[in-house]
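**Student:** Work out the full structure, taking the sequences as your base and the hints as a guide.
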Amino acid sequence: MDIPVILVGILSAAALLLPALDIALRRASRTFSAYFATFVIAISLGIVLLSAVGVIPLTESVAPNLMRNDLMGLFFSMVVLSVALLVSASSIDYMKNEHNISIYYSLLLFTSLGMVILSFAVDFLMIFVAWELMGIPTFILTGYRKKDLASNEAAVKFFILGALATGILLYGISIMYGLTGSTNLPAVAAALSKLSPDMLPMAAFSVIMLIAGLGLKLSIVPFHMWIPDAYEGAPTTVSALLSAGTKKAGFVAGVRILAVAFPLLKLDLTLTLAIIALATMTLGNLAALTQKSITRLLAYSSIAQAGYLLVGIAVLPSTNLGLTGLLYHSFNHAIMQGLAFLAAAIVAVRLSKTTLSSYEGLSKTMPLTSFSLTIALLGLAGMPPLSGFWSKLVLFTAAVEGDLTWLAFAGLLNSALSLGYYGLIIKRMYVDEPSETIQVREPAGFTILLLAAAAVIILTGIYPAPIYDFAQRAVLALTP
Amino acid sequence: MAEFPLISIMIFLPIIAGIVTYPIGRASKSSTKWFALVIAVVELALGLFAYSQILVNGTGAKYNFVEGPAPWIPALKGVDYYLGMDGLSGPLVLISSFLTVLVILGSRDLITEKQGMYYALILLFEGFIMGVFTSLNMVLFYAFWDIVLLPMFFFIGVWGGPRRKYAAMKFLLFTFVGSVFMLLGFIAIYILTPQNTFNIPELVGKIPLSLQPLLALLFFIGFGVKLPLVPFHTWLPDAHVEAPAPISVFLAGLLLKMGGYGFLRFNLGLLPQASVDFGWAFIAVGIVTMFYGAIVAMVQKDIKKMIALTSINHMGFVLVGAFSGTVVGISGAIFQMFTHAAAVGVMFMLSGYLHELTGTRDVTVIKGLKITSPRFAALIILGSMAAMGVPMFSSFLAEYLVILGAISVDLRYGIIVLIPVITVAYFLWMMRRTVMSAPIEGAKHHDLGTLSTISLLAYLVPLIATLIVPWLILGMADPLSESLVKVIAAR
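So the sequence lines, in the order shown, correspond to chains A and B.
Numbering-wise, this note's numbering puts 403 at position 403 of the first sequence, and it's gapless, one number per residue.
Numbering-wise, this note's numbering puts 1219 at position 219 of the second sequence, and it's gapless, one number per residue.
Rather than coming from a laboratory, the hints here were simulated on the basis of the structure.
Treat the hints with care, as some may be off.
[As the list claims (entries may be wrong)] Quick list of in silico lysine to aspartate or glutamate cross-link-like pairs, EDC-like style, CA-CA up to 20 Å:
1. A/LYS353 with A/ASP198
2. B/LYS1370 with B/ASP1447
3. B/LYS1170 with A/ASP432
4. B/LYS1165 with A/GLU98
5. A/LYS96 with A/GLU442
6. B/LYS1077 with A/GLU442
7. B/LYS1165 with A/ASP432
8. A/LYS96 with A/ASP148
**Tutor:** In C-alpha cells form, the structure reads like this:
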C-alpha cells in the first residue's frame, strides 16, 4: 500500500477535524481531543509498524517524484510517530489544566504530519513544504502558554531564527535548481554528476546553504543558540517533541539530500562535518555540565547527541555503516530523550520546580519516575546493555572505519564526559537526601507511559537485532 | 558441552534472582537475606562443579562449557553471544561465587538499611561479574564490564560512609573513562584486523604488529584504572574508605581482578608482540605501584585505608607476574588474584566488624584487642598473616611464584622481594598497636559472635587448602600459562 498517502490522509483529516469535533462535542469532555489525537497517532504508528514487518506490502507511491515510499521513510516515520505518541499521551496529564486544548492537539497532529511527509519526501519543494508544515506549528506550540513570559520569549527567538533558517534553506534550494534545472532529488543527482567543473563552487555554496538551513533544526553548532531557551520556555512536552521528534525529521532531510549530493559532487565535506560534529558534541557536553535547570541540561545534552548523529553523515563517503548508525541512534535517542524530557515534565508539574536541586532524594518521593529517568540517562550516556550503547558503538565503529579514529576517540571521551552530568542527576535522585519529604502521587497513566518507554530502552538494548536490521535495510534501500 | 548452558545459568540466575529479590525485600526483610543466600550457595555449587570439571580433566588451556558463538545482531558481523571458561576464568569465577556467599553472610550484621535493594544489587553484581570473567566476545565483555559499575556506584553512594557521594561519583567517572579507552581499542581491533570480529578466540595471533603498541597503550589505561595502577589509583582509597565493609570485599576481591583478568586475557593473549616489547615498561609501572602502595599504606591511621593500599601493592604483583611472560609468573599472577581476593576479603570484613565493636578504625586509638576481643584478635592476626604472605597461607606461594617468574627474566626485577618486607612491617606495626597493646582502663569486653567468627574463618579455608595442595589452582592455571607462553613464543 501507499503508506505516505495513507498517513497524510489520516493525519491531516484528524488535524483539521479535531477543533471542529471538539466544538461539536463540547459537552463530552475536556479530554476528548487528547484521547482522539493519541488514538490517531497510535493508528498511524501501527500502520507504519505493520508495513515495516511486512504485513502491509510496500508499493510504488502515487507520486513517486514527490514522496518515495521506501524503508528510510518508514524508519523515520516510526521514530517521529513514536515520539509524537509519547508526547501526545503524556500531554493528557501534563496539559490538562490548559485552555484551548483541542488546538494544542491539532497543532501536534500537524507537526506529526509535517514530520511524516519529510521522512518520505524526495523533492526539494516537498521537503520545503513539509519543513514549514512541521516548523510553523512548533513555533506556536513553543509559545503555547501565552501568559508566560519565558514561553513567549522562547517562541519569538525560535520563530526569528527559524524564519532565517528557512530563508537560507530556500536560498540553497533555488541555487540548486538553477544549477540542475530540477527539484527532484534523483534528477538533481543526475544533473550534478554532469555538472561542468567551473560550476562546482556554486554547487558547494548551495550545499553549505542547505546544511546551514537544516542545521538550525538539527541543533548543530553554531546554529544551536536558540535551543536551551526554547526548550526551557516551551511546555516541556513540546521540548520533548522538538528534541526527539522534529530534530530527527531534520536529519532525514539531511540524509536524503547529502546522501545524494555527496558522492556525485566530488566535494570532500568529511573533515568539515567531522569538525562540526566534534564541536557540537563537546560544546553540548561541556555546557550541560554547568547547568542548574534540568530542561536546560537536557537541551544541551540534546545538542551533544546531535553531534554523535552527525558522525554518521561525516563518514558517508567511505562507509554506509555510519548512516545505519545514524538511523539507529535516531530511534534510540528519540525514545531516551523523549523519556527524559517527559520525566522532567512530570517532576516539574508535581514539584513546580525545574532546578536540579529539586531532584535530591527523588527516588523516595517518586520512585517509578526516578527509575525511568535513570534508565533514560544511562542510555543517553551509552551504558551497556541499554539501546544507546549499541547505536553509539555503531557510530564510533563507523568513524574508525571511515578513517576518523580521532573523532571516535573524541566521541567516546565525550560519552564519558556526559556521564558526569547524567550521573550527577542519578546521584541526586538516589544518594542525596531530600530537603523535604512530601509524598507525591505519581499519576498512574503517565507513570505507565514512562515505564513503557524505559522498557523499550532496556529490551531493544538486550535484543537490538530487529531495530538495527531495520535501520540497515533502510540504508540499503536508499540507493537503488 | 553445548547441551547444558552452564555458564549462562551462572550469569543469569543471580541477575533474575536479583530482580526478584527487590519485591521480596519490600515484603519481608529476613526472607530477602535467606533468598539471596540460597541463590549464592547454588551459584557456589555451580562454580565448584564447573571448576572441578576443568581441573580434573586438565583442560585449563582451552575454553570449556563453550556457548555460542550465537549472533547477537545478525546484521552486524562479529557481535556474538559467546561464553567460555578456561584456566584464567575458572579461579576467578570460583572465588567470585565464594566471596558472594561470605559477603551475604557478613552483611547480616553490618547492613541494616534498605535491605531489599541491597541484596538485589548483590545478586546483580554477582551475575555481572560472572559475565565479565566468561565473555569471549569483546562487546559482550564490555557490556558486563561497564554494567558492573552501576551496582558498585549505588553500593558506595547509598550505603557508604560520610563522604560517600564524592567517592561514588569519583569511582564512576574514573572507571567509566578508563573503559572508554578500552572500548576504542576493541573497535580498532574490529575494524583494522582482517577478521572483522569481536570474538576473542578468533583474534589470537591475528592482530597486525603495527597496531599492537597503540592497543597496548589503550588497554593499559583501560585495565590500569581498574587494577589500579599508579597513577590511575586515586579513586581506590576513597571508594574503599567510604564503602561498607562487605562491599569493600567485592571491590578489592572482585572488581580489581577485572583489571588483572583484562591484562592477561587481552594484553598477553591478543597483543603478544607489544607485551614482549613493552613488558619492561609494564613491569616498571607494576613495581612503582607496589612500592607506592606499600609505602603509603605504612603511614595510614585508618586500618581500612591501609588494607585498601595493600590491595594496590598486591595488584602490582599481578602485573609483574603477567608481563614476566613465563609460565611460573603467569600462574603466579592468577594465583595471586585468587589468594588476594580471599586474604584481603577477610581483612576488610574485619575492619567492618572492628568499627562495629569499637566505633572507630583508627589504629592509634584502638588498644588491647587481645584482652577485650580475643576472637577478633585471633582472626586479625590470622588475616594479617594471610595478607602478608606468611607460609601456611597460599598468598606466600603466589608471591613466591611471581618473584620467581620475574627474576628468571631479569635479575634486577628481584627488587620486588623487598615488597613483602614492607608489607610485613606495617602489618606487624598495626597489630602491635591494636592487638598487643594494653587495653584502655575500664574497656568493656565485646567480641564477635560465633556465626560471624565461622564466616570469617571460612575466608581462610581456600588459602590453607591451596597451600597444602597447590595443584588446586596450578592444575588450572599452568595449562593456561603454557598456552599463553606459546602464543608469546609464536608471535
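**Student:** Failing hints, ascending?
**Tutor:** 1, 4 and 6
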